[in-house]
Amino acid sequence: MEEKILAILKEHCEDALTYDGDSMMEDGVIDSFTVINVVGDLEDEFDIEIDAKYVVAENFKNKEAIIALVRKLLEE
Amino acid sequence: MQLLSLSFVILWAAAFALYYLAPRRAQWYILLAASLLFYAVGLRGFPLHLLLIGLITYGGGLYLKDNLEREKAAVSKCVDKESRKALKAAFGQRRKRVQVLCFVCDLGLLVFYKYAVIVSPFLEKIVGSDVGFLGKVIMPLGISFYTLTAIGYLTDVGRENCEAETNFLKILLFLAYFPSVTQGPFNRYKPMKEQFESGHDFQYDRMLRGIQRFVWGAFKKLVIADRIGIFVDRVYGVEASSVPGSIFVCATVFYMLQLYADFSGYIDMAMGVSETFDIAMPENFKRPYFAGSVAEFWRRWHITLGTWFKDYVMFSFVMSGVGRKIGKACKKRWNTPGRQIVPIMGTMLVWFFTGLWHGRTLSYMLWGIYYGVIMSVSLLLEQRYPLWKERLHIRDGGLWSFVCMVRTWLIVFIADVLIRSESLTQAGAIYESFLIRLRPMSLLSHEITSYGLSKYDFMLLLAVLAVWLAVSVLEERGRDVRAYLAAKPALVRWGCYYGVVLTLLLTGIYGGGYDTATFMYQSF
Chain U
1 MEEKILAILK EHCEDALTYD GDSMMEDGVI DSFTVINVVG DLEDEFDIEI DAKYVVAENF
61 KNKEAIIALV RKLLEE
Chain L
1 MQLLSLSFVI LWAAAFALYY LAPRRAQWYI LLAASLLFYA VGLRGFPLHL LLIGLITYGG
61 GLYLKDNLER EKAAVSKCVD KESRKALKAA FGQRRKRVQV LCFVCDLGLL VFYKYAVIVS
121 PFLEKIVGSD VGFLGKVIMP LGISFYTLTA IGYLTDVGRE NCEAETNFLK ILLFLAYFPS
181 VTQGPFNRYK PMKEQFESGH DFQYDRMLRG IQRFVWGAFK KLVIADRIGI FVDRVYGVEA
241 SSVPGSIFVC ATVFYMLQLY ADFSGYIDMA MGVSETFDIA MPENFKRPYF AGSVAEFWRR
301 WHITLGTWFK DYVMFSFVMS GVGRKIGKAC KKRWNTPGRQ IVPIMGTMLV WFFTGLWHGR
361 TLSYMLWGIY YGVIMSVSLL LEQRYPLWKE RLHIRDGGLW SFVCMVRTWL IVFIADVLIR
421 SESLTQAGAI YESFLIRLRP MSLLSHEITS YGLSKYDFML LLAVLAVWLA VSVLEERGRD
481 VRAYLAAKPA LVRWGCYYGV VLTLLLTGIY GGGYDTATFM YQSF
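In order, the protein sequence lines correspond to chains U and L.
Going by the working numbering, the first residue of the first sequence is number 1, and it counts up by one from there.
Going by the working numbering, the first residue of the second sequence is number 1, and it counts up by one from there.
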């Protein structure tokens, strides 16, 4: 699962892979368009629905947070 | 009540003293009392509309909380996944209906107050009876700010990103918090609630830092924005065909700086006041004129409005049923390019509403569409940029960064002519003057001093703008300028403080009775 998520991130925003902070959206590493595209690909890849309530800075603060979000949605 | 007035300073000082004398758990009552007093005095009347929005927000929040609790209880009793999903959808539908009802009430009132004056003459012609009372409707102070803040709160509660508040007075404080009620920044409930509820002890250094930021904001407003404003008002106040294009170029560049100094000056003052109460609000500006693209410019200018529209309009639309359906259809039809259609629609929607939020005229609508189109085009071309740069042998950094900055200034410059002009006709005439009547030598002639600013004013402006630029460069490099100054020897430190205060007192633009001009964003 992690490899697939990292591959999606690599396709849309390579900088997210090397980012080691905890505010990727505020730091301008990932913009809103990229978030939308990443969300779209994650939904297709894992057959999940990512509601707008999950699209917050906290869930996109770094790659680990994105992985945790997908894991949580898969478990639901 | 203006932030730059003696009555405000008295209110601030009294609230500050009572705040730190009060028991820690009661401190927020002092903030509430100060906020309501500030608002009622500023409004010169009873804050009926604010209370109404407060009640809608409070009631809506309580319903959402109750609905979410009932949903959890019902879902916990379900064994299979499908029934859980159906239950969640049913509860979600009810939440959505109540949210929409609250938003319609909030926005309906906002639209009524914003457009009643404009609509009344047309309405009178259509219905044929006297609707003159509509023309006398006065917009409540800060209505655009606290209405959006209320909508943000209800959305966050519905999304379970914050818990609904059960105390009406805390909702009222959140909406009416006096440093931010008239011009922002847009606060979020969760961090504000935590700070309102936690006790705060007096700290001399923090008080000093708050006052420093307040004075710096006043400096930007009175010494820079209001001085520049004299020139801008004069130039834009005369017949466009009688003014050389170069003077309009100068006036528009000044307007860009005026708007920035005025609004960021207000925000500095608001943040400074809030800092003295140990309440941190989100930053609203990060040196926007250092941005290398328009998208970056808007990530640095009025940041909290941008994040508000991104979180509550853009993502709500893109992740909605309609947005998803359109997205899937476009992706199926056009594959990769089709993926960009929904984000582009979301961007246009956001900018259209941003334009409407800022002003009531067609100019503001066009201004919003202009930025929407630029953002959308840059989104479409984004993936080609690296290839183009490689072909043209352009390397990032250095000169290229500066070129990108100038390109951003130019885009903002064109947009600002639109919103500063009195009408679209005037804006057209000004654009025309840039092309056919530039006459750049006018900037070096006596003509430049015939619009309200003397040579002394221009020299003073150059000096203070240089100081502002130096401070901005330090901040851009990650320096905390106030901490940087605090670490300097006393002579240097106090020399700087006195320099700013004396410049403010001696060269600030004051009206009769030392009144100051109103803040530009207060009218939005």
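Hints are computed from structural coordinates only; laboratory data are not their basis.
From the three backbone atoms N, C-alpha and C, an ideal C-beta is built for every residue, glycine too.
Possibly wrong hints are sitting among the right ones.
Computed, partial: chain L to chain U, Cβ under 10 Å [what the hints assert, rightly or not]:
id, residue
1, E82
2, A86
3, L87
4, D156
5, K193
6, E194
7, Y312
8, S320
9, V342
10, T347
11, R384
Reference listing, derived: stretches of chain L covered by chain U, where coverage requires no fewer than 3 residues with Cβ under 8 Å from a Cβ of chain U [claimed, not checked]:
id, stretch
12, 218 to 231
13, 244 to 256
So, going through the hints one by one against the coordinates:
1. E82: Violated - the Cβ of E82/L stays beyond 10 Å from chain U, reaching only about 13 Å at its closest.
2. A86: Since chain U brings no Cβ nearer than about 15 Å to A86/L, farther than 10 Å, the hint is violated.
3. L87: violated (13 Å)
4. D156: Check passed: Cβ of D156/L comes within 9 Å of chain U, closer than 10 Å.
5. K193: violated (17 Å)
6. E194: Hint violated; E194/L Cβ to chain U Cβ min 15 Å, cut 10 Å.
7. Y312: holds (9 Å)
8. S320: At 8 Å from the nearest chain U Cβ, S320/L passes the 10 Å test, so the hint holds.
9. V342: Cβ of V342/L sits 7 Å from chain U, so the hint holds.
10. T347: OK, holds: T347/L within 10 Å of chain U, min 8 Å.
11. R384: violated (15 Å)
12. 218 to 231: Coverage by chain U is violated here, the residue count being 0 at a Cβ distance below 8 Å.
13. 244 to 256: Coverage by chain U is violated for the stretch 244 to 256 of chain L (0 residues, Cβ < 8 Å).
Going through the hint list in order, the structure does not satisfy hints 1, 2, 3, 5, 6, 11, 12 and 13.
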